[in-house]
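Asker: Each chain, written out:
Number of protein chains: 2
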Amino acid sequence: MSEKVVHAIQDEYPDDFSWCYGCGRLNQDGHHFRTGWQGDQTVTEYTPRSEHTAIPGFVYGGLIASLIDCHGTGSAALGLHRKNGHEPGDHVEPPRFVTASLQVNFIKPTPHGIPLKAVGTIEEIHPKKWKVHTEVFAGDVCCAKGEVVAAVMPDTFMK
Amino acid sequence: MSEKVVHAIQDEYPDDFSWCYGCGRLNQDGHHFRTGWQGDQTVTEYTPRSEHTAIPGFVYGGLIASLIDCHGTGSAALGLHRKNGHEPGDHVEPPRFVTASLQVNFIKPTPHGIPLKAVGTIEEIHPKKWKVHTEVFAGDVCCAKGEVVAAVMPDTFMK
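Same order as they appear, the protein sequences are chains F and V. Following full-length UniProt numbering, the numbering of the first sequence begins with 1 at its first residue and continues without gaps. Following full-length UniProt numbering, the numbering of the second sequence begins with 1 at its first residue and continues without gaps.
Keep in mind the hints are simulated off the structure, nothing from the lab. All of these numbers come straight from a predicted model, not from anything done at the bench. There could be a bad hint or two in this list.
Claimed, not checked - In silico lysine-lysine, DSSO-like type, Cα no more than 27 angstroms apart, as pairs: (1) Lys4/V to Lys108/V; (2) Lys108/V to Lys108/F; (3) Lys131/F to Lys145/V; (4) Lys4/V to Lys108/F; (5) Lys4/V to Lys131/V.
Claimed, not checked - Which bits of chain F does chain V cover? Going by a derived footprint, with three or more residues having C-beta under 8 angstroms, they are: (6) 21-27; (7) 90-102; (8) 114-127.
A virtual CB, placed ideally from N, CA and C, is assigned to each residue, including glycine.
For reference, chain F alone in the conformation it holds in the complex (with noise of 0.2 angstroms):
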């Protein structure tokens, strides 16, 4: 079930939209979520850090939150720029989205200190609107269940 995303959406975003501190390649501090296609699904793997507990052995929920916010924002860029024509690896700059609403059902305590994989089904909603439904794996478990609204970056967002 584990795979290694090798082309990333986020791979793909421009210098100045590289910056989250879920997904940013550029921030150094962050998470560094990459979400890629797996067939007709996205995915996102990442393993915590140490400190990201809740209690002990178990992972923090607000990561758990986080995980399926970029994820979903992430999916829906993979979703348009699929519909527009293009993949990433092909160095074409994808929609960057930004999330409306989120929402997380934490169904059982995630273990800490295996890798968590987040699977996402994509729904288009309307033509700058996607809902991204996301389960949150550790190994074969699935922990948490989310959806994600995500709307296209509005261009005044940087102004």
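Once you've looked at the hints, dock chain V against the given chain F.
Answerer: Chain V only, in chain F's frame:
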């Protein structure tokens, strides 16, 4: 509008439950969120670190989700503790809650570099479940709204 939390519920958690990356006082690398009463509402203040960016100038959404999450479990603990006749500062061990679900609506980009203040309204929905409605302010501007359903931590959680 800015007022330090003097007596935080997290100050009263036993050591074994004080390792949360969000709100554990013993987690050296964590955020050290501290949640207290302000009348019949609850507050948590936090100034994001320089690396907690979404894009430069704006706060990372996963951090806002983390703040709402820990503010929610802390607020639920405050609520049940008060119902049981106790206040943080009287050194009675409070109940500990876990997050069942987390919902965040991102309303506006959250400016980076100023303190954030989460303000919560609590609601008992079951003897062991509380719902916490939270608004996150940057200065006077409400940038995000969230809802946490928090459940009393089962005795089996640590086993």
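Asker: For each hint, tell me whether it holds in the structure or not.
Answerer: Hint check results:
{"no.": "1", "hint": "Lys4/V to Lys108/V", "in the structure": "25 angstroms, holds"}
{"no.": "2", "hint": "Lys108/V to Lys108/F", "in the structure": "32 angstroms, violated"}
{"no.": "3", "hint": "Lys131/F to Lys145/V", "in the structure": "19 angstroms, holds"}
{"no.": "4", "hint": "Lys4/V to Lys108/F", "in the structure": "34 angstroms, violated"}
{"no.": "5", "hint": "Lys4/V to Lys131/V", "in the structure": "24 angstroms, holds"}
{"no.": "6", "hint": "21-27", "in the structure": "holds (count 4)"}
{"no.": "7", "hint": "90-102", "in the structure": "holds (count 5)"}
{"no.": "8", "hint": "114-127", "in the structure": "violated (count 0)"}
In this structure, the earlier hints numbered 2, 4, 8 are contradicted, and the remaining ones agree with it.
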